[in-house]
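In the working numbering, the protein residues as written are 200 to 809.
None of these hints come from the bench; they were simulated from the model. Where hints are given, some of them may not hold.
[As the list claims (entries may be wrong)] Restraint ranges, calculated between C-beta atoms of paired labels, are given here:
#  : residue 1 : residue 2 : range
1  : T283      : D483      : 24 to 34 Å
2  : N627      : I534      : 18 to 28 Å
3  : Q630      : V587      : 30 to 40 Å
4  : C315      : V509      : 43 to 53 Å
5  : R477      : A276      : 25 to 35 Å
6  : W595      : A419      : 40 to 50 Å
7  : Q630      : S607      : 20 to 30 Å
8  : V624      : W595      : 48 to 58 Å
9  : L326      : V624      : 40 to 50 Å
10 : Y600      : A527      : 21 to 31 Å
11 : N627      : A535      : 17 to 27 Å
12 : D681      : R477      : 23 to 33 Å
13 : V502      : W595      : 40 to 50 Å
[Stated by the list, open to error] Derived SDA-like pairs (lysine to any residue); straight-line CA-CA distance at most 20 Å:
#  : residue 1 : residue 2
14 : K467      : M432
15 : K467      : D285
16 : K467      : V456
17 : K467      : P296
18 : K467      : G343
19 : K467      : V415
20 : K467      : H662
21 : K467      : T283
C-beta atoms are modelled at their ideal positions from N, C-alpha and C, and glycine is treated no differently.
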Amino acid sequence: MSIGEKATKVGVQPVRVRRDADVAPAECATTADWFPATTRGQLIAVVVLCSLFLLGTLFPLGHTDLWGHLAYGRLIAESGSLPTDDPFGVTESIYRPLVDLWWLSQVAGYAWYEVCGLEGLSFMHGLLLVALGAGVMCAVRRRGVPLGAAAAAAAATVLIALPALGTLRPQLLAAAMFPWVLVGADLVRRRRHPLVWLPVLFAVWANLHGSFPLGVVVLAVMAADAAIEGWRMTQNVTLVLNDRTVRRLTLLCALSVGATLLNPFGWKLAVAAVEFSRNPVLADISEWQPLRAASLGGLALAVSLAVAAVALTLDWRRLRIRDVALLAMTAAATIASQRMLVWWAVLWAWVTIPHLAHVVAARRKPNNRYDQRDRLQATQRRTALAIVVVLMTLIWSPPTYSLLSGTSRGLGRIASPQTPVHLAVALNELQIAGPMFTPMDWGDFLVWESDARVRPLVYSHVHLLSPQVWSDYLDIAAARPDWLARVDHYGLNYLAVRRNAQFELYVAAVHEPRCQIVYQDQDCVLFEVLPPTADSQYLSTLLRGTSRKRVFTFHNADAAVADSLAKHVCGADTTRPEKSGGVKCIRGNKCGPAPARDIAVVTGLVRNLL
Numbered sequence: 200m201s202i203g204e205k206a207t208k209v210g211v212q213p214v215r216v217r218r219d220a221d222v223a224p225a226e227c228a229t230t231a232d233w234f235p236a237t238t239r240g241q242l243i244a245v246v247v248l249c250s251l252f253l254l255g256t257l258f259p260l261g262h263t264d265l266w267g268h269l270a271y272g273r274l275i276a277e278s279g280s281l282p283t284d285d286p287f288g289v290t291e292s293i294y295r296p297l298v299d300l301w302w303l304s305q306v307a308g309y310a311w312y313e314v315c316g317l318e319g320l321s322f323m324h325g326l327l328l329v330a331l332g333a334g335v336m337c338a339v340r341r342r343g344v345p346l347g348a349a350a351a352a353a354a355a356t357v358l359i360a361l362p363a364l365g366t367l368r369p370q371l372l373a374a375a376m377f378p379w380v381l382v383g384a385d386l387v388r389r390r391r392h393p394l395v396w397l398p399v400l401f402a403v404w405a406n407l408h409g410s411f412p413l414g415v416v417v418l419a420v421m422a423a424d425a426a427i428e429g430w431r432m433t434q435n436v437t438l439v440l441n442d443r444t445v446r447r448l449t450l451l452c453a454l455s456v457g458a459t460l461l462n463p464f465g466w467k468l469a470v471a472a473v474e475f476s477r478n479p480v481l482a483d484i485s486e487w488q489p490l491r492a493a494s495l496g497g498l499a500l501a502v503s504l505a506v507a508a509v510a511l512t513l514d515w516r517r518l519r520i521r522d523v524a525l526l527a528m529t530a531a532a533t534i535a536s537q538r539m540l541v542w543w544a545v546l547w548a549w550v551t552i553p554h555l556a557h558v559v560a561a562r563r564k565p566n567n568r569y570d571q572r573d574r575l576q577a578t579q580r581r582t583a584l585a586i587v588v589v590l591m592t593l594i595w596s597p598p599t600y601s602l603l604s605g606t607s608r609g610l611g612r613i614a615s616p617q618t619p620v621h622l623a624v625a626l627n628e629l630q631i632a633g634p635m636f637t638p639m640d641w642g643d644f645l646v647w648e649s650d651a652r653v654r655p656l657v658y659s660h661v662h663l664l665s666p667q668v669w670s671d672y673l674d675i676a677a678a679r680p681d682w683l684a685r686v687d688h689y690g691l692n693y694l695a696v697r698r699n700a701q702f703e704l705y706v707a708a709v710h711e712p713r714c715q716i717v718y719q720d721q722d723c724v725l726f727e728v729l730p731p732t733a734d735s736q737y738l739s740t741l742l743r744g745t746s747r748k749r750v751f752t753f754h755n756a757d758a759a760v761a762d763s764l765a766k767h768v769c770g771a772d773t774t775r776p777e778k779s780g781g782v783k784c785i786r787g788n789k790c791g792p793a794p795a796r797d798i799a800v801v802t803g804l805v806r807n808l809l
């Protein structure tokens with residue numbers, strides 16, 4: 200029998216020995232008082248934000264519209280004014296005067312580049328993903344979701360919108376601001392300060408990117424939802440109109456609309472933002488086309504829709520009209536255009552995660568066997584772990600590592616592999632300038648690297664083009680009949696042809712006497728288009744007169760002249776000498792001597808080629 204049992208038997212209460220395990224946490228702290236404690240949710244948030252930053256810095260700089268926006272920013276900064284027409288294209292813009300929807304983000308991006316360089320652009324990509332994740336985390340947290348679940352919502356948002364977040368562009372700035380519209384709409388029910396800072400946010404948003412009408416629509420939906428809920432509860436119009444939430448949300452929406460007018464274009468900015476997507480040219484651009492079910496974005500939308508349906512069904516008692524309206528609106532817009540995937544991801548997290556967290560919490564069994572001392576030690580270990588995660592992120596991130604080591608990776612490693620870096624170097628070395636044909640996604644980078652000396656027929660700002668110009672660009676790219684006439688129509692002096700993707704144009708240019716190769720690498724061939732002459736036009740018509748291969752044969756001609764003619768002009772594989780002088784043209788099964796004029800023209804052009 201133990202001492203305690205004996206004492207209890209005789210009616211004496213045993214003396215309880217005080218042990219460290221029974222001491223209050225504040226009395227047995229194992230670390231200094233200044234060492235912070237970190238909860239599990241805070242650690243998850245740190246890990247998620249660091250992962251988003253690392254992901255953003257690992258993305259290569261895109262070869263498309265990033266460089267065009269930087270070129271616009273450079274132009275605005277150097278000239279001190281906004282362009283009134285397309286400053287880089289060959290043709291005039293269909294919008295007169297030009298309404299630049301991204302002017303502030305272009306100027307800010309160029310200023311950032313001037314200070315931080317190429318590595319700074321990669322660093323900015325990571326910061327914008329962190330800002331987006333932090334905004335989603337705060338918006339979801341405001342709806343009563345634990346911090347760990349809110350961090351998971353931020354990660355899910357970026358994962359769903361990943362196909363649209365891989366390119367650094369002004370849309371990322373707008374996406375980082377969008378969650379704060381949801382935060383302000385939630386806070387304005389109990390606080391007045393969103394009436395001040397949210398209109399300021401809309402004023403900045405309107406000058407950064409043309410997606411600001413979406414934020415206004417979200418506020419309008421929330422105001423309508425508050426009015427409908429008030430009507431359902433009171434059945435009294437007067438009480439609904441006097442409701443504080445309805446009045447504040449309505450006022451907030453009106454102030455935000457008024458704030459968007461604070462821009463250099465006034466009300467025309469909103470009109471241009473709405474008309475932007477109506478240009479029929481955008482129908483041929485992949486990111487503005489309907490979302491394909493077999494794509495990564497289509498899979499992300501399908502999975503997120505299924506999760507939302509399950510969460511809203513299981514938690515239908517807490518379902519609001521605004522939840523269904525916002526999800527339905529953005530889902531339909533995303534299916535119609537995959538560029539809307541970012542906005543769907545943010546609203547999906549804000550609507551779905553609170554319902555999903557409530558369902559999980561209702562089905563979780565409580566666990567009371569949790570020692571206070573172990574929890575204290577765990578939070579301190581989590582603090583140390585969070586510090587390690589931050590430090591490792593800074594070391595693994597390419598731009599921060601370059602900053603710490605003092606060495607830059609260079610444009611070739613920072614930019615995407617599709618960037619025409621070598622072509623841009625060749626254009627600068629050859630001092631080539633003026634109108635030229637380039638693939639659409641190459642035009643922006645060539646404008647940026649040539650300091651706007653090169654003027655492409657088409658670059659990523661295709662919304663500025665008329666349908667006729669876009670159709671002519673497609674005809675040239677596919678080497679359709681009269682493609683050279685279209686080249687002459689726009690005064691294009693050079694053709695930058697992607698060897699594999701535009702093989703038809705490459706073959707047509709090689710067989711065209713007026714096109715001479717001035718540069719080539721494994722991806723690109725640069726042709727100079729010679730001015731048209733009577734003889735060259737006659738020979739071009741002769742060579743394009745039939746779809747069958749023509750074989751020119753020579754007799755008593757220089758072998759080098761014959762081989763060059765066969766290879767560069769008529770596309771023949773071999774040459775065959777004849778006893779009589781002249782040129783023999785073979786078309787299918789018909790064979791006959793070529794006219795004397797053809798002989799003179801062909802021979803003269805071949806000698807010029809040599």
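Status of the hints after comparison with the structure:
{"no.": "1", "hint": "T283 x D483: 24 to 34 Å", "result": "holds (27 Å)"}
{"no.": "2", "hint": "N627 x I534: 18 to 28 Å", "result": "violated (44 Å)"}
{"no.": "3", "hint": "Q630 x V587: 30 to 40 Å", "result": "violated (53 Å)"}
{"no.": "4", "hint": "C315 x V509: 43 to 53 Å", "result": "holds (44 Å)"}
{"no.": "5", "hint": "R477 x A276: 25 to 35 Å", "result": "holds (31 Å)"}
{"no.": "6", "hint": "W595 x A419: 40 to 50 Å", "result": "holds (43 Å)"}
{"no.": "7", "hint": "Q630 x S607: 20 to 30 Å", "result": "holds (27 Å)"}
{"no.": "8", "hint": "V624 x W595: 48 to 58 Å", "result": "violated (31 Å)"}
{"no.": "9", "hint": "L326 x V624: 40 to 50 Å", "result": "violated (30 Å)"}
{"no.": "10", "hint": "Y600 x A527: 21 to 31 Å", "result": "violated (45 Å)"}
{"no.": "11", "hint": "N627 x A535: 17 to 27 Å", "result": "violated (41 Å)"}
{"no.": "12", "hint": "D681 x R477: 23 to 33 Å", "result": "holds (30 Å)"}
{"no.": "13", "hint": "V502 x W595: 40 to 50 Å", "result": "violated (29 Å)"}
{"no.": "14", "hint": "K467 x M432", "result": "violated (41 Å)"}
{"no.": "15", "hint": "K467 x D285", "result": "holds (17 Å)"}
{"no.": "16", "hint": "K467 x V456", "result": "holds (13 Å)"}
{"no.": "17", "hint": "K467 x P296", "result": "holds (10 Å)"}
{"no.": "18", "hint": "K467 x G343", "result": "violated (40 Å)"}
{"no.": "19", "hint": "K467 x V415", "result": "holds (16 Å)"}
{"no.": "20", "hint": "K467 x H662", "result": "holds (16 Å)"}
{"no.": "21", "hint": "K467 x T283", "result": "holds (13 Å)"}
Of the numbered hints stated above, those contradicted by the structure are hints 2, 3, 8, 9, 10, 11, 13, 14, 18, listed in ascending order.
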